[in-house]
Amino acid sequence: MAEPQEPTPEYRSTHVFVGVALGLAFLGFFVGINQTSQQMDGLTAFVPDASKEAPHESLKARGYGEILENPFRKNQHWLTSIDNLASKTTPQLTAEVEDPEKNKESTLLMREARRAYAGAPPTIPHPVKQKGDASCVACHQDGVTINGRLAPPMSHDFKSQCMQCHVVSQAPMQVENRSYLLSTENSFVGLSEPRDGERAWPGAPATIPHTLQMRSNCMSCHGLNGRYGIRTSHPWRQNCVQCHTPNAKLDAHPIPSNLDAPPQ
Amino acid sequence: MSMDRREFLKATAMAAATTAASRLAYGETPALDPSVADEVHSRVKFDKAPCRFCGTGCHLQIGVDPNTDKVVSISGDQRAEVNKGLLCVKGYHAGLALYGKDRLTRPMLKQGDKHVPISWDKAIDIIAKRIQKNPAGFAFYGSGQWTIPEGYAAQKFTKGGLGNNHIDPNARLCMASAVTGFVSTYGVDEPAGTYTDLDKCDVIITWGNNPAEMHPVLFSRVIDRRSRGEKVTLIDMGTRRTRTTDHATHYLQFKPQGDVAIALGIAHLLCKKNTYSQEFVDKYLNFRRDSDPLENPTLLGESMTFDEFKRAVSVYTPEKVEELSGVPASKIHLLADLFGNPDIRITSLWCMGMNQHTRGTDINRLVHGIHLLSGHFGRPGDAPTSLTGQPSACGTAREVGTLAHALPGGRVVANAKHREQSEDIWNVPRGRINPKPGYHTVLMWEKFSTPKEEGGDIDTLWVQVTNPGHSLPNTEKLFYPSRKLEDKFLIVSDVYPTESTRHADLILPSALWIEKNGMFGNSERRTQQWFKQVSPPGEARDDCWQTIAVAHRLHELGHEGMKDRDGRFLFEMKDEAGKSVPVWKWTNYYDINVDRALFEEYRKFTTLKHKNLAPYDVYAAHRGLRWPVVQEPDGTWREVQYRFAGFDDPFVEKGKKLDFYHSTTNDGRAQVWFAPYVAPPEVPDADYPFWLCTGRVLEHWHTGSMTMRIPQTRRAMPNAYVEVHPEDAAELNLSSGEVVIIESRRGSCELPVWINGRGRPPRGSLFVPFFDERMLINQVTLDAHCPISKEPDYKKCAVKVRKLTAKGATDG
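Sequence lines, in order, name chains A and B. Residue 9 in our numbering sits at position 6 of the first sequence, and the numbers go up by one each step. Residue 700 in our numbering sits at position 661 of the second sequence, and the numbers go up by one each step.
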């Protein structure tokens, strides 16, 4: 009968290592599932029902404790290839633009759904941090499109406080079973998105049908990351207002009125 | 791929219908029929108006579709100096506040448990007859949201008509300590600096203030300078971390009431390090204290020498301040070194943190004091700047003086000469104005809540443009008791059902904002005007008309006070042809511009305290002007940016750099006050271990009666909550979203917990926003108030947190 083999020192240290690693993992798992909502960020803390996702919105993060019931799975945004992501984010100026008028009406309706009236600051269709730092600019500085999800670049000059004007369209938290005393109906009917700029003759460059106030970056909506229907058919031309003149009524300076200039 | 026209149309229609349906499902705001979009765009008319919400005073351009007589669009007014085209989420959606489905549209009288519609004639008659029966038992509770002409009419009606001084605004709950701070320091109310300081300062200090959420346009104005490459040092001092803290260079967290100690510590170090301004001490300052700050503090106090001042503040060493405030001594040195550096420009900002304070007057005085002592005053960028929470807290409550002790233009009822001047301008008989100040807010509601036989001598109370059932502190004591007393009659004029209208005996539907002409006065002394742009809904009518109509009904009933010296009606108004216009009839109210008539009369009051206002028509042509507005030799009107500063203020004696021409010591000097640190009246103990602070959030304004009806702001912030520190939450086994009971010695309130949410309170501290009418935190707050300003402290009281058990019962 062979002598039971003495474990070599190397073998033993491997054992110890595996043991420790397993132990840590085990510990980590239980610490994880015991994570309480006190440690969670305000962002995710108030999701009464994680399965209730707004259409087209990102998935809510989940705690370790919820993974068993609600495991990670593929979603419609799931992409494995970085190359695939990157190619979508950098449209080529010289790329051919296919049917720029495509889906124009539904695009405009979608824009309207996100704002109280044409020109109102759009609400935010995804969860955000409650803090006041400018983390929004990570995506909204230059804009990015990932698998059809569009984060448009700011249409205006940089401002430090995004959430001064843009608020979430769905609250991070809502107390259930507590109905409002007040009526939540509102009969306001906002100005719709303008449909077409004026053209002097068919084929002439359209005048800009909206004010340029807070919309000085045309490429925010009309660039190659923009939605179909309102994106430019000629992205290689970069000086928009060379041909598309601002709206005389909305952007004439000074605005013709009985009001004087602001005091110096 | 080909698609024929028919298919294409079908597909487009389907897409449109789907989007429209999903929009309805998610409660989005509907837009106009797309087929007429361009046509509507071409007919929209834009006009200016100041924003309806906070005291910043942004100007809006409001787009109205003349065919429907409704607001369809709003943009920031690019030519307004305050906001330069930018707004906040409330401003952009202000137009939606007009169109909540439950607007009040008919006068309603309480019968049994129900409110039943009645006619305006009957409503006006009921009010007039109650007042006629007991004029001395009538009180008017108004607002810093009253337009200037509305407040002026109410003021004239109460003090000049009824000879009764029981008129006070909700501004007592928000601005009173700022007023007493200004008056006791400079001898006259309102800031010397303006928002221009925000463009010029090197250092900005927020004293218990969160402008990133409460005055976002002003905060952007200063913080956006960084993105243009300018250096702005932001020092945020607060009792919890907020969005303002996220932009701060230094965050100094102090214990509640610690702000008083910090200011004293700065004063001490300025003296000790000899870094105070010798020029200011020699030429522009006197020193003052209260002889008995605890038992009998006064507005004017007694004088002290600079040496006595130095000795008094010497107790407040950085180490002592650290002990009192919790702010490290090194940070007190940091602050003192900034103030001690004459080469930089420092602007202090504060709002409710310093005003809603049981030592509110003291802390206001001290912050003015350190600016004056260090010479950080009177240069662009160097200013102690008090912000207001309401659009016309300055313009109406403070300047028109709709306070129990005041008369228009900085006058007071106790001064015989001031009474005579007012009686002359109002053309009422001498002796009409009562020399005894009326009841201030807390006292007024106490008297209304107390049975007559126990001394509660107010029996009819008319509330305009505010919601006391929600916003008064300790409502269990100040609001609800009168509702069980037979002979107490509560009249509420408002635009929506609120906690106040629900308990009112008579509800009057009011016109809102651009549904009427109006004027506001913002935080930087800027008087603003707008014209009526749309019609009010149903039978809703202007608050100013309501006051005049009641006055006229009293006149018909033979009330002598409603007649002037010549026997004419108190509010008689004439058209251009000199013909009397019956403005008390709603059908004739807009035959002339009543605002203009009232304002031109009010303007006569404004020169006494050098708060000169321009004629109405000048304001119509401007985006507001900052008073004093003086006429130049060429006939144009010039506003003043820097009061008391020789380079700008025309009332400063020629050749002087600074001149405090309303000095309480009549020598052109301002008063630097000493005030000792005094502990708060209620501090956490074993039974009630938590501090409670209340306040606002970005999305909602005050009691939310307007912003909770705007879908965008309501969806973003649908309910109130209580912020709890994660470790406190762990100790109490609370998780986010869980509903708990917050309980004080006065009352309780159920709220969901929010951990690591919008704000981050320190351990042992809670924060609750007060906008939600389903979670009335003011049933919990304290009615203890500053002994001088009478402003209650909403920012600190002791509470405990109790868990709700699974059954919904409490487990104490």
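Bear in mind the hints are in silico, worked out from the structure with no lab data behind them. Check the hints yourself; a few may be wrong.
As the list claims (entries may be wrong) - Keeping only pairs whose Cα atoms sit at most 20 angstroms apart, straight-line, the calculated EDC-like set for lysine to aspartate or glutamate is:
(1) Lys107/A / Asp77/B
(2) Lys109/B / Glu101/A
(3) Lys162/A / Asp238/B
(4) Lys270/B / Glu188/A
(5) Lys123/B / Asp160/A
(6) Lys613/B / Glu639/B
(7) Lys162/A / Glu639/B
(8) Lys149/B / Asp498/B
(9) Lys107/A / Asp263/B
(10) Lys359/B / Glu188/A
(11) Lys132/A / Asp285/B
(12) Lys162/A / Glu269/B
(13) Lys140/B / Glu188/A
To be verified - Label pairs and their computed distance ranges (CB to CB):
(14) Glu766/B / Gln241/A: 52 to 58 angstroms
(15) Gly200/A / Glu671/B: 28 to 34 angstroms
(16) Glu766/B / Leu71/A: 23 to 29 angstroms
(17) Pro103/A / Ser574/B: 56 to 62 angstroms
(18) Ala207/A / Glu269/B: 55 to 61 angstroms
(19) Arg198/A / Asp152/B: 48 to 54 angstroms
(20) Leu215/A / Arg677/B: 54 to 60 angstroms
(21) Pro156/B / Ser236/A: 54 to 60 angstroms
(22) Gly694/B / Leu215/A: 46 to 52 angstroms
(23) Leu27/A / Glu766/B: 53 to 59 angstroms
(24) Arg198/A / Glu766/B: 54 to 60 angstroms
(25) Lys168/B / Arg198/A: 34 to 40 angstroms
(26) Ala24/A / Glu766/B: 28 to 34 angstroms
Stated by the list, open to error - Going by beta-carbon spacing under 10 angstroms, a handful of chain A positions derived as facing chain B:
(27) Ala121
(28) Thr126
(29) Ser163
(30) Pro208
Idealized CB from N, CA, C, for every residue including glycine.
Results for each hint:
Restraint check: the Cα-Cα separation between Lys107/A and Asp77/B comes to about 15 angstroms, which is no more than 20 angstroms; the hinted pair holds. At most 20 angstroms may separate the alpha-carbon atoms for a hinted pair to count; Lys109/B and Glu101/A exceed this at roughly 40 angstroms. For the given pair, Lys162/A sits about 15 angstroms from Asp238/B by alpha-carbon distance, which is consistent with the 20 angstroms threshold. For the given pair, Lys270/B sits about 46 angstroms from Glu188/A by alpha-carbon distance, which is inconsistent with the 20 angstroms threshold.
Between the alpha carbons of Lys123/B and Asp160/A the distance comes to roughly 13 angstroms, so the proposed pair stays at or under 20 angstroms and holds. Using a Cα cut-off of 20 angstroms, the hinted pair Lys613/B and Glu639/B holds, with the two alpha carbons roughly 13 angstroms apart. Distance restraint check for Lys162/A and Glu639/B: the Cα-Cα separation of roughly 41 angstroms exceeds the 20 angstroms cut-off, and the hinted pair is therefore not satisfied. The suggested pairing of Lys149/B with Asp498/B holds, with an alpha-carbon distance near 16 angstroms, which does not exceed 20 angstroms.
The straight-line distance between the Cα atoms of Lys107/A and Asp263/B is roughly 35 angstroms, outside the 20 angstroms bound, and the hint therefore fails. Distance restraint check for Lys359/B and Glu188/A: the Cα-Cα separation of roughly 55 angstroms exceeds the 20 angstroms cut-off, and the hinted pair is therefore not satisfied. In summary, the hint linking Lys132/A to Asp285/B is supported, as the alpha carbons are separated by about 12 angstroms, within the 20 angstroms threshold. At most 20 angstroms may separate the alpha-carbon atoms for a hinted pair to count; Lys162/A and Glu269/B meet this at roughly 14 angstroms.
At roughly 5 angstroms between alpha-carbon atoms, Lys140/B and Glu188/A fall within 20 angstroms of each other, so this suggested pair holds. Distance hint check: the CB atoms of Glu766/B and Gln241/A are about 54 angstroms apart, consistent with the given range 52 to 58 angstroms. The supplied range of 28 to 34 angstroms is broken by Gly200/A and Glu671/B, whose beta-carbon atoms lie about 44 angstroms from each other. Between Glu766/B and Leu71/A the beta carbon distance is about 27 angstroms. The supplied range of 23 to 29 angstroms therefore holds.
Under the hint 56 to 62 angstroms, the C-beta atoms of Pro103/A and Ser574/B, about 43 angstroms apart, miss the expected range. In this structure the supplied range 55 to 61 angstroms is violated for Ala207/A paired with Glu269/B, their Cβ-Cβ distance being about 44 angstroms. Taking 48 to 54 angstroms as the suggested C-beta distance range, the pair Arg198/A and Asp152/B conforms, at roughly 52 angstroms. Take Leu215/A and Arg677/B: their Cβ atoms lie about 32 angstroms apart, and the range 54 to 60 angstroms is violated.
Checked against the hint of 54 to 60 angstroms, the C-beta distance between Pro156/B and Ser236/A comes to roughly 59 angstroms, which is consistent with it. Look at Gly694/B against Leu215/A: about 49 angstroms separates their beta carbons, and that is inside 46 to 52 angstroms. Taking the beta carbon of each, Leu27/A and Glu766/B are about 25 angstroms apart, not inside 53 to 59 angstroms as hinted. The supplied range of 54 to 60 angstroms is met by Arg198/A and Glu766/B, whose beta-carbon atoms lie about 56 angstroms from each other.
A hinted range of 34 to 40 angstroms is violated for the C-beta pair Lys168/B and Arg198/A, which are about 58 angstroms apart. Between Ala24/A and Glu766/B, the C-beta spacing of about 31 angstroms keeps the proposed range 28 to 34 angstroms intact. A distance limit of 10 angstroms between C-beta atoms decides the matter here; for Ala121/A the minimum to chain B is near 7 angstroms, and the interface restraint holds. Nearest Cβ of chain B to the Cβ of Thr126/A: about 6 angstroms, under the 10 angstroms cut. The hint holds.
With 10 angstroms as the threshold, the beta carbon of Ser163/A comes within range of chain B, its nearest partner Cβ sitting at about 5 angstroms, so the hint holds. Interface hint status for Pro208/A: violated, as the beta-carbon distance to the closest one in chain B is roughly 17 angstroms, over 10 angstroms.
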